[in-house]
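Residue numbers (numbering that gives the first Met the number 0), protein chains in the order written: chain A, 0 to 339; chain B, 0 to 339.
I should point out that these hints are in silico values taken from the structure, not numbers from a laboratory.
Be a bit skeptical, because a hint or two may be false.
[To be verified] Here are the simulated distance ranges between beta carbons:
1. A:R13 to B:N15: 42 to 48 Å
2. B:A63 to A:T107: 52 to 58 Å
3. A:S19 to B:S202: 45 to 51 Å
4. B:A65 to A:V206: 24 to 30 Å
5. A:S109 to B:K300: 40 to 46 Å
[Unchecked claim] Sample of chain A residues facing chain B (criterion: CB under 8 Å; computed from the structure):
6. V103
7. D106
8. Q256
9. V257
10. P258
11. P260
12. R261
13. Y263
14. L267
15. R272
16. E274
17. G275
18. Y281
19. V282
20. A285
21. F322
[Stated by the list, open to error] Residues from chain B that face chain A, not an exhaustive set, calculated with beta carbons under 10 Å:
22. D58
23. L233
24. A237
25. L244
26. A247
27. A250
28. Y263
29. R272
30. E274
31. G275
32. V277
33. A293
The C-beta atom is built at its ideal place from N, Cα and C for all residues, glycine as well.
Protein chains: 2
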Amino acid sequence: MEKRTNRQWLLARRPNGLISVEDFRWNESGVPAPGEGEVLVRNLCLSCDPTQRGWMSRDTYLPAVAIGEVMRSFAVAQVIESRDARFAPGQLVHGLFGWQDYAVARDTPSSPLLPVPDGVSVERALGVLGYTGMTAYFGLLEIGRPRPGDTVVVSGAAGATGSVVGQIARIVGCRVVGIAGGPEKCGWLTGELGFDTAIDYKSENVVTRLRETCPRGIDVYYDNVGGRVLDAALMRLARGGRIVLGGAMSAYNEDAQVPGPRNYLQLLIQRGRMEGFVVLDYVHRAGEALDALASWLREGKLRDRVDVQRGLENAPDAVARLFRGENRGKQLLKIADYPS
Amino acid sequence: MEKRTNRQWLLARRPNGLISVEDFRWNESGVPAPGEGEVLVRNLCLSCDPTQRGWMSRDTYLPAVAIGEVMRSFAVAQVIESRDARFAPGQLVHGLFGWQDYAVARDTPSSPLLPVPDGVSVERALGVLGYTGMTAYFGLLEIGRPRPGDTVVVSGAAGATGSVVGQIARIVGCRVVGIAGGPEKCGWLTGELGFDTAIDYKSENVVTRLRETCPRGIDVYYDNVGGRVLDAALMRLARGGRIVLGGAMSAYNEDAQVPGPRNYLQLLIQRGRMEGFVVLDYVHRAGEALDALASWLREGKLRDRVDVQRGLENAPDAVARLFRGENRGKQLLKIADYPS
Chain A
0 MEKRTNRQWL LARRPNGLIS VEDFRWNESG VPAPGEGEVL VRNLCLSCDP
50 TQRGWMSRDT YLPAVAIGEV MRSFAVAQVI ESRDARFAPG QLVHGLFGWQ
100 DYAVARDTPS SPLLPVPDGV SVERALGVLG YTGMTAYFGL LEIGRPRPGD
150 TVVVSGAAGA TGSVVGQIAR IVGCRVVGIA GGPEKCGWLT GELGFDTAID
200 YKSENVVTRL RETCPRGIDV YYDNVGGRVL DAALMRLARG GRIVLGGAMS
250 AYNEDAQVPG PRNYLQLLIQ RGRMEGFVVL DYVHRAGEAL DALASWLREG
300 KLRDRVDVQR GLENAPDAVA RLFRGENRGK QLLKIADYPS
Chain B
0 MEKRTNRQWL LARRPNGLIS VEDFRWNESG VPAPGEGEVL VRNLCLSCDP
50 TQRGWMSRDT YLPAVAIGEV MRSFAVAQVI ESRDARFAPG QLVHGLFGWQ
100 DYAVARDTPS SPLLPVPDGV SVERALGVLG YTGMTAYFGL LEIGRPRPGD
150 TVVVSGAAGA TGSVVGQIAR IVGCRVVGIA GGPEKCGWLT GELGFDTAID
200 YKSENVVTRL RETCPRGIDV YYDNVGGRVL DAALMRLARG GRIVLGGAMS
250 AYNEDAQVPG PRNYLQLLIQ RGRMEGFVVL DYVHRAGEAL DALASWLREG
300 KLRDRVDVQR GLENAPDAVA RLFRGENRGK QLLKIADYPS
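Bound conformation, chain A alone (with noise of 0.2 Å):
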C-alpha cells in the first residue's frame, strides 16, 4: 500500500459548554489495513449532527466516545480497499467512520455500512436521503402518527431534520407550525416550505403564540430542542396529543443537569404520550423511508438545504455552528473532492 497521512480529530476533554477546537487533538498517523471482514474507506463528506455534542460527554444510546478516540461522525466515504465481499473498491459506503480521513470499518447491525444508492448524491445521502431524513420519516410517522387534519408543531424547524419533519406533516394533510430562531429561518419556513406558520422564539413569547396559533391543542409536538419549548408544548397539549423526543438542543450543551419538563403531568390530564425512538432502530426499513423521500423530493412536494463547510480542520467549528444556529439547512463538512 502507497505510502499515506490519516488526519484525524480526537477527542481530547470532555467539553464544558460549547464545543471548541481546544476539545480535540489533531493527529497524524499511517493509514491501517483492513482485517477480514473490514473495508478501508476514505471519507468524504461528513455529517455534523446534534447529538455529537452528547456523544462527547456522556452514554446515550451509544457509549461516550473515549478520551483519545477519533471523534465519532456519520460520514459518506469511497472503499478503497475490501475485505467484505458485498463491498467494492470505488463504491460509496454510509457509516460511522469519524473525523478522519481514513477509517477501517466493519459492517454489524449496530453499526451498519449502507451503499449510498446509485442517483443519490453525496450529500443528500448524509442529508434528506439519509439517517436525517429517516430520523423525520420515522419520529414523525411512527412515533407522532399524525392524522389528516392534526395540528402539528415542530421545533427546531429550520433544521436538518425539523425541516423535514414539517413537510411530511403538510404532505400527510396535517396544520404544521414551525418553531425556530430569527426571522431569515421562519420566512423560509412559511415561503419556500409551505408551513402554515413559523413562531420565532428569539423575539416571540412561545406561549403566547402556540395559543393563537393552535386553538384547537397541539396533536402532535416533535420536539428537536427540550427545554421551556418542551414545557410551553405540554401546556398547549391537545386530548391524546403525542409528543415525540427527537433531541434536546437547550441541553447538550449544559454540563449540571437541565430541568426536566415540569409541565409533565398536562400528559395526564390530556391522556397524552410522550415517546423516544433512536433511528439506528429503523435501518431495517431504510426502503421504505427512502422511497418516500425520494418520491417527494421528485415531485416538488419536499424540498432540503444543505450547508456545506469544507476542511478536516474545520470539523469542530462544523459543529459549534449548530449550536450557534447559523447553519441554514443540514450541516455538512467536505474534506475531499466528490461529484456533486
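On the provided structure of chain A, position chain B as indicated by the hints.
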C-alpha cells in the same frame, strides 16, 4: 317530601399544602328535589382519593371545584327518588355525589351514574370493583402493556390502586417490585400480596435498590407518586420501557410548581414511552375489567383491603390520611348505614 337536612362540606378556599378542616365550610341545607331526568340519592359511603387534592386546587382532567361549592367526591349512594326511568328507588348507584348526605344527579357521559351490581358490596364498589380497580386494570394492561416475564415496578404500591396494579402484574406473569413507605406496608406487599420485592422509600435508597432488584431494567413503571421516585425509575428504564402516569402524590400538596422529571431523556435513549390516562375514559369497558377483577377475587388471586373511617364530619381528615400515609388499603368514609 318529609323535612330532612342535607349536611355538606363546601370548599372554603384553595388549600395550602396538606389539607385541613379550615379549608372547608360545614353547611346544612334542605334536601333538593330532582328535576326531569334527575335522581335524588342518599350517600352511604364516600371514596377518598389522592386526585381530590388536585380538584381542590386547579383544573385538571375535571375543572377545579369552585370556592363555595360542595366538595367533589365519588360515592356509593341509594336512590331515594327518581325522575330517570333507568333508575329505581332503593337501587345503589356510584357517582360523583360529593361530601354531603343527599345529592341530585343526572346520568351523563362525563359524570355517569353506575348501578352497583347485585352481589357487589358498597365498599368494593368504591374499591377493587370500582374505579380504583378499573384504574389499575386499564392503566397497567392498556397503557403499560406488560408481557409475561417483564419486570413491573409500581410506586404507591400499598395504596388502593398500586396494590391492585402489582397483583394484576403478578397474575399476568410479571416480576413485581413495589415501592411503599414503611416496613408494615412493605411486609404486606411481599407477604400477603405476593410481590417479589418491596422497597421502603422511607429507609432505603430507591436508586440503589432499583439497580439491585431490576438487573435487566424496568419494563413497566406504574407511577403514583412522581418526583424523585419517577426520576429513579427513569434511570433504570429498560429498552422500550413504558411509564404509566397514574398520578403524582408527591406533587399534589405543593403550591410552588414541582420540578419535572429531569431524567426524561432516558425515554429517548431507551426508546421509552411515558403516557397518562384517565379512568373515566374507560367507563364503556367497565364490564370487562370488573368481570376479570371479580374472578380473580373469587379465585383468591387478588386481595383487597379497605380502611373505613366513619362520619361525614371527618371527610377532610379522611382524605388527609392518604397524604400522611396512614391509610391501609382503600380509604373510605362511611356516612350512613348499609349492609356490609
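To see whether the hints hold, each was checked on the structure:
1. A:R13 to B:N15: 42 to 48 Å: Taking Cβ atoms as reference, R13 (chain A) and N15 (chain B) lie about 44 Å apart, which means the hint holds.
2. B:A63 to A:T107: 52 to 58 Å: Given range 52 to 58 Å: holds, Cβ gap about 55 Å.
3. A:S19 to B:S202: 45 to 51 Å: holds (46 Å)
4. B:A65 to A:V206: 24 to 30 Å: holds (26 Å)
5. A:S109 to B:K300: 40 to 46 Å: holds (42 Å)
6. V103: With a minimum Cβ separation of about 28 Å from chain B (threshold 8 Å), the hint on V103 (chain A) is violated.
7. D106: At about 22 Å, which exceeds the 8 Å cut-off, the nearest Cβ of chain B leaves the hint on D106 (chain A) violated.
8. Q256: holds (5 Å)
9. V257: For V257 (chain A), the interface hint holds, since the closest Cβ of chain B sits about 7 Å away, which is under 8 Å.
10. P258: holds (6 Å)
11. P260: Holds, about 4 Å.
12. R261: At about 4 Å, which falls below the 8 Å cut-off, the nearest Cβ of chain B leaves the hint on R261 (chain A) intact, so it holds.
13. Y263: With a closest approach of 5 Å, the Y263 (chain A) hint holds.
14. L267: With a closest approach of 3 Å, the L267 (chain A) hint holds.
15. R272: holds (4 Å)
16. E274: Cβ of E274 (chain A) sits 4 Å from chain B, so the hint holds.
17. G275: Holds, about 3 Å.
18. Y281: violated (11 Å)
19. V282: violated (14 Å)
20. A285: Violated, about 17 Å.
21. F322: Constraint on F322 (chain A) not satisfied, violated at 17 Å.
22. D58: Holds, because the Cβ-Cβ distance from D58 (chain B) to chain A comes to roughly 8 Å (cut-off 10 Å).
23. L233: holds (9 Å)
24. A237: Violated. Min distance 13 Å.
25. L244: Check passed: Cβ of L244 (chain B) comes within 5 Å of chain A, closer than 10 Å.
26. A247: holds (6 Å)
27. A250: holds (7 Å)
28. Y263: holds (5 Å)
29. R272: Holds, about 4 Å.
30. E274: With a closest approach of 4 Å, the E274 (chain B) hint holds.
31. G275: This interface hint holds because 3 Å falls under the 10 Å limit.
32. V277: This hint holds: V277 (chain B) lies near chain A, its Cβ roughly 6 Å from the closest one there, short of 10 Å.
33. A293: Violated: closest Cβ of chain A sits about 26 Å from A293 (chain B), beyond 10 Å.
Violation of the numbered hints given earlier is confined to hints 6, 7, 18, 19, 20, 21, 24, 33; the remaining hints are satisfied by the structure.
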